[in-house]
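**Student:** Listed here are the chains, written in short residue letters.
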Amino acid sequence: MVLSESPEQSFLQHLPVIDRIADAFARRLGLRGDDAADFRAQVRLTIIQDDYAVLRKFRGESSLATYLTVVVAMFARDYRASRWGRWRPSLEARRRGEVAVRLETLTYRDGLPVHQAGEMMRTAGETELSDAELARLLSALPRRLPLRPREVDSEVLDTDATRAETPRNLADPSVELESSRVEKALESAVKELDVDDRLLIRMRYWEGLSVATIARILGTEQKPLYRRIERLLEFLRKQLATSGVDRHDLHELLEVRA
Amino acid sequence: MTDRAHPNTPIDPEQIAALIDGKLPAETREQLLRSLDSNPELLGLVAEAASVAEVTQSREDVIHSAGPRRLRPRQSRVSRLSRQRLIYMTAIAATVIALVWLPLARRGFGTPDLSAIIDEAGRGSAVEVPDYSAGANRGLAEAAATESEAVRIGAALGALRTLSNANDPTMQVRAERLARDVAQLPVAAPAAAALRAVAVSPDSASRATLLRQASQDLEAVLDATALRRGAWLATAELAARRHDNAFFESTITRRFIGQVPTVDRVAHTPVSDWDAVLSAIEHAIRDGTR
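Same order as they appear, the protein sequences are chains A and B. The numbers in our numbering rise by one with no breaks, and the one at position 172 of the first sequence is 172. Each number in our numbering corresponds to the 1-based position in the second sequence with 1000 added.
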């Protein structure tokens, strides 16, 4: 252990940081109110348990804040898997902010119709947007399906049966087939890249990381990465074109893909 | 907590943290990168942790504990890039100052009228104008006439002005929402009325007059400096979204930042790192703290 103070002192000193990290993950998980507070408590417990094992294991090879962030990320991943399978808010929802993440979570993960999700969010003071505004916001997000069967009450089942919000594209087998073709072509083109380039593209466009962060991860300068990304996109565009995939096909894919 | 992303692949959280911090030795990094390439779940974990770290770790939040600090590589990058930037910035900054800042400077910087900046910054903008209204993010019950609330309302006013200038169709909804926010503040009824009038006003000239009136009304009941700070931050966010580093590099911006301690975090973020700049601005608007 390399911490200069006792694990308990270190925990107390860094509790605000730990809570901030926990809250950030809770938001990404779409947790609010009691659920978010419970998540924060579980994160604290994870760090405290086994006589602060998490802190005692810290070797000082990274900043403590980043180390704790990864520890909480691992906990959040397990938490998510235990509750909902492998659900993650889409990049677009994260980009649009907390209301979008919450809306996406309630509608696509929990299967609520928009008006119920809106009612819940407005009652909780999370938004003042009308159902129509929320529906517009939802329409801007990628269409998704729940990843595992979920527990619902009878009221939701009744509503689900009549809901007119079934993802249009996914309900259409021809669109699904087409998106599969485009997706395969894209995967195939990406596979032709070398490891670093493939990771660069995936981190930038699949995971939405900033170029600055990617540069640190790849251990390279940030500035040349912009040109490198442009070159890679050009390469991918050409590869896709030779596979008969055009911009319109990609647009369709993005409509379907989470 | 599981320590494995793959049945036979143990995850060392500190190794991942060192990768995110850019602290991993080259050989270890290459090995880990290969693992990321073959393990999408692990890549997702790294990406998620890195994204959260971006948001939660601003410069002053770095924990000064044992172990190397995250601050150093960024500082060295700043000094390297600043020389390169200087060459380009001189020409660009001159243009921007002429277009945007000189009218402001002529009026004197003691009481900056930010409308000129906002007008210019929003002109021709293709970027999405953020929504700073309380209703977009949290309950109105939380609204209070605090300094941080004044910053947020200032930001919302700045964004509204940009949308109004651009005749953006979302302007009406934003104006109504801001009017509702403002109506909950003590003695802010005149400003709320002006904002409601903005929502239904058909032409941008009359909306501009009403927005000025709303700003003046709010400055009478809220912290005027905090309001202007919010308006500046909203403008800075637009500039950051357009990667307009001339805005941040100009002398007058620097002077403004020097007079407003709250935007220190923005001032100390290298403008080459736009995500970090945006994150700092978002923090400054959300927290509104000194």
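Hints in this document: simulated from the structure, not taken from any laboratory. Mixed in with the good hints, there may be bad ones.
Stated by the list, open to error - Across the chosen pairs, the derived CB separations fall in these ranges:
| no. | chain 1 | residue 1 | chain 2 | residue 2 | range |
| --- | --- | --- | --- | --- | --- |
| 1 | B | Arg1212 | A | Thr220 | 47 to 55 Å |
| 2 | B | Ala1183 | A | Pro142 | 42 to 50 Å |
| 3 | A | Asp78 | B | Asn1167 | 43 to 51 Å |
| 4 | A | Thr220 | B | His1243 | 16 to 24 Å |
C-beta atoms are modelled at their ideal positions from N, C-alpha and C, and glycine is treated no differently.
**Student:** If a hint holds in the structure, say so; if it does not, say that too.
**Tutor:** Here is how each hint holds up against the structure:
1. B/Arg1212 x A/Thr220: 47 to 55 Å: 49 Å Cβ-Cβ, so the 47 to 55 Å window holds.
2. B/Ala1183 x A/Pro142: 42 to 50 Å: The hint (42 to 50 Å, Cβ to Cβ) is violated, given that alanine 1183 of chain B and proline 142 of chain A are roughly 36 Å apart.
3. A/Asp78 x B/Asn1167: 43 to 51 Å: About 49 Å separates the Cβ atoms of aspartate 78 of chain A and asparagine 1167 of chain B, which means 43 to 51 Å holds.
4. A/Thr220 x B/His1243: 16 to 24 Å: holds, 20 Å
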